[in-house]
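2 protein chains.
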Amino acid sequence: MKARVYVSLKSTVLDAQGKTIRSALSGLGYRSVADVRQGKYFEISIEPGVSPEQARREVDTLAQDVLTNPVIETCRVEFDD
Amino acid sequence: MKARVYVSLKSTVLDAQGKTIRSALSGLGYRSVADVRQGKYFEISIEPGVSPEQARREVDTLAQDVLTNPVIETCRVEFDD
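Those protein sequences? They're chains B and L, same order as listed. Yeah, the first sequence ends on 81 if you go by this note's numbering, and it's all consecutive. Yeah, the second sequence ends on 81 if you go by this note's numbering, and it's all consecutive.
Hints may contain errors.
[What the hints assert, rightly or not] Examples of chain B residues toward chain L, derived with CB under 8 angstroms: (1) Ser-8; (2) Lys-40; (3) Phe-79.
[Said to hold, decoys possible] Result set (EDC-like, lysine to aspartate or glutamate): computed pairs, CA atoms no more than 20 angstroms apart in a straight line: (4) L/Lys-19 with B/Glu-58; (5) L/Lys-19 with B/Glu-53; (6) B/Lys-19 with L/Glu-43; (7) L/Lys-19 with B/Asp-65; (8) L/Lys-19 with L/Glu-78; (9) B/Lys-2 with L/Asp-35; (10) B/Lys-2 with L/Asp-15; (11) L/Lys-40 with L/Asp-65; (12) B/Lys-19 with B/Asp-65; (13) L/Lys-2 with L/Asp-35; (14) L/Lys-40 with B/Glu-78; (15) L/Lys-2 with L/Asp-60; (16) B/Lys-19 with L/Asp-65; (17) B/Lys-2 with B/Asp-35; (18) L/Lys-40 with B/Glu-73; (19) B/Lys-10 with B/Asp-80; (20) L/Lys-10 with B/Glu-58; (21) L/Lys-2 with B/Asp-35; (22) L/Lys-40 with B/Asp-80; (23) B/Lys-2 with B/Glu-47; (24) L/Lys-40 with B/Glu-53; (25) B/Lys-40 with L/Asp-80; (26) B/Lys-10 with L/Glu-43; (27) B/Lys-40 with L/Glu-43; (28) L/Lys-40 with B/Glu-43; (29) L/Lys-40 with B/Glu-47; (30) B/Lys-2 with L/Asp-80; (31) B/Lys-40 with L/Asp-35; (32) B/Lys-40 with L/Glu-47; (33) B/Lys-10 with L/Asp-15.
Note that these hints are calculated values from the structure, not bench results. Just so it is clear, the structure is predicted and the values come from calculations on it, not from any experiment. Ideal Cβ placement from N, Cα and C applies to all residues, glycine included.
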């Protein structure tokens with residue numbers, strides 16, 4: 001079983017890195033890009049033998065408490081069975 | 001229209017950052033985590049008026065040529081209509 005956690009800046013927070021990428025892309029001639037926001041992505045493999053419920057509970061908690069800074073970021077968690 | 005680009009290290013490449021996160025999580029008591037790999041995530045908004053085909057072509061190219069280092073990384077692109 002695998003879990004994927006996507007952490008991105010809240011839409012109200014300025015994403016300087018995304019803005020820089022956007023302007024670099026525009027300088028390279030990619031004209032269809034209106035905006036870029038960058039985030040982090042974690043692929044978590046679950047120990048065999050752990051129940052899906054236990055894994056979900058643990059990954060939801062660690063995504064919100066450890067991988068995300070709740071002041072400026074939001075996270076989304078997906079599970080692959 | 002939005003595109004999401006996920007860039008991760010190839011599975012044959014050592015992910016030192018992921019290993020560090022895994023050992024930190026294990027120290028914090030998250031026992032169901034077997035492995036963590038970290039990647040990057042880009043959310044790209046497309047200019048209104050650009051055709052979906054043109055946008056797809058451009059995002060596929062920029063994901064592979066600009067956002068990914070093909071020697072050590074792979075990328076995955078998803079589109080939201």
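Hint-by-hint comparison with the structure:
1. Ser-8: With a closest approach of 7 angstroms, the B/Ser-8 hint holds.
2. Lys-40: Hint on B/Lys-40: holds, closest Cβ of chain L at ~6 angstroms, below 8 angstroms.
3. Phe-79: With Cβ-Cβ at 12 angstroms, over 8 angstroms, it is violated.
4. L/Lys-19 with B/Glu-58: 18 angstroms, holds
5. L/Lys-19 with B/Glu-53: With a Cα-Cα distance of about 24 angstroms, the restraint between L/Lys-19 and B/Glu-53 is violated, given a limit of 20 angstroms.
6. B/Lys-19 with L/Glu-43: 12 angstroms, holds
7. L/Lys-19 with B/Asp-65: Roughly 18 angstroms between the alpha carbons, so the hint for L/Lys-19 and B/Asp-65 holds.
8. L/Lys-19 with L/Glu-78: 27 angstroms, violated
9. B/Lys-2 with L/Asp-35: Holds, because 9 angstroms separates the two Cα atoms, which is no more than 20 angstroms.
10. B/Lys-2 with L/Asp-15: 17 angstroms, holds
11. L/Lys-40 with L/Asp-65: Distance ~15 angstroms between L/Lys-40 and L/Asp-65 Cα, so the pair holds.
12. B/Lys-19 with B/Asp-65: 27 angstroms, violated
13. L/Lys-2 with L/Asp-35: 30 angstroms, violated
14. L/Lys-40 with B/Glu-78: 16 angstroms, holds
15. L/Lys-2 with L/Asp-60: Distance of about 13 angstroms is within 20 angstroms: holds.
16. B/Lys-19 with L/Asp-65: 18 angstroms, holds
17. B/Lys-2 with B/Asp-35: With Cα atoms ~30 angstroms apart, B/Lys-2 and B/Asp-35 exceed 20 angstroms; violated.
18. L/Lys-40 with B/Glu-73: It holds: about 15 angstroms lies between the C-alpha atoms, which stays within 20 angstroms.
19. B/Lys-10 with B/Asp-80: The given pair, whose Cα atoms are some 25 angstroms apart, is violated under the 20 angstroms limit.
20. L/Lys-10 with B/Glu-58: 26 angstroms, violated
21. L/Lys-2 with B/Asp-35: Between L/Lys-2 and B/Asp-35 the Cα gap is close to 9 angstroms, so the pair holds against 20 angstroms.
22. L/Lys-40 with B/Asp-80: Holds, at about 19 angstroms.
23. B/Lys-2 with B/Glu-47: OK: B/Lys-2 and B/Glu-47 at ~9 angstroms, within 20 angstroms.
24. L/Lys-40 with B/Glu-53: 27 angstroms, violated
25. B/Lys-40 with L/Asp-80: 19 angstroms, holds
26. B/Lys-10 with L/Glu-43: The hint holds at about 12 angstroms.
27. B/Lys-40 with L/Glu-43: 11 angstroms, holds
28. L/Lys-40 with B/Glu-43: 11 angstroms, holds
29. L/Lys-40 with B/Glu-47: 24 angstroms, violated
30. B/Lys-2 with L/Asp-80: Cα-Cα ~23 angstroms, so violated.
31. B/Lys-40 with L/Asp-35: 16 angstroms, holds
32. B/Lys-40 with L/Glu-47: Distance ~24 angstroms between B/Lys-40 and L/Glu-47 Cα, so the pair is violated.
33. B/Lys-10 with L/Asp-15: Given that 20 angstroms is the threshold and the Cα spacing comes to 27 angstroms, the pair is violated.
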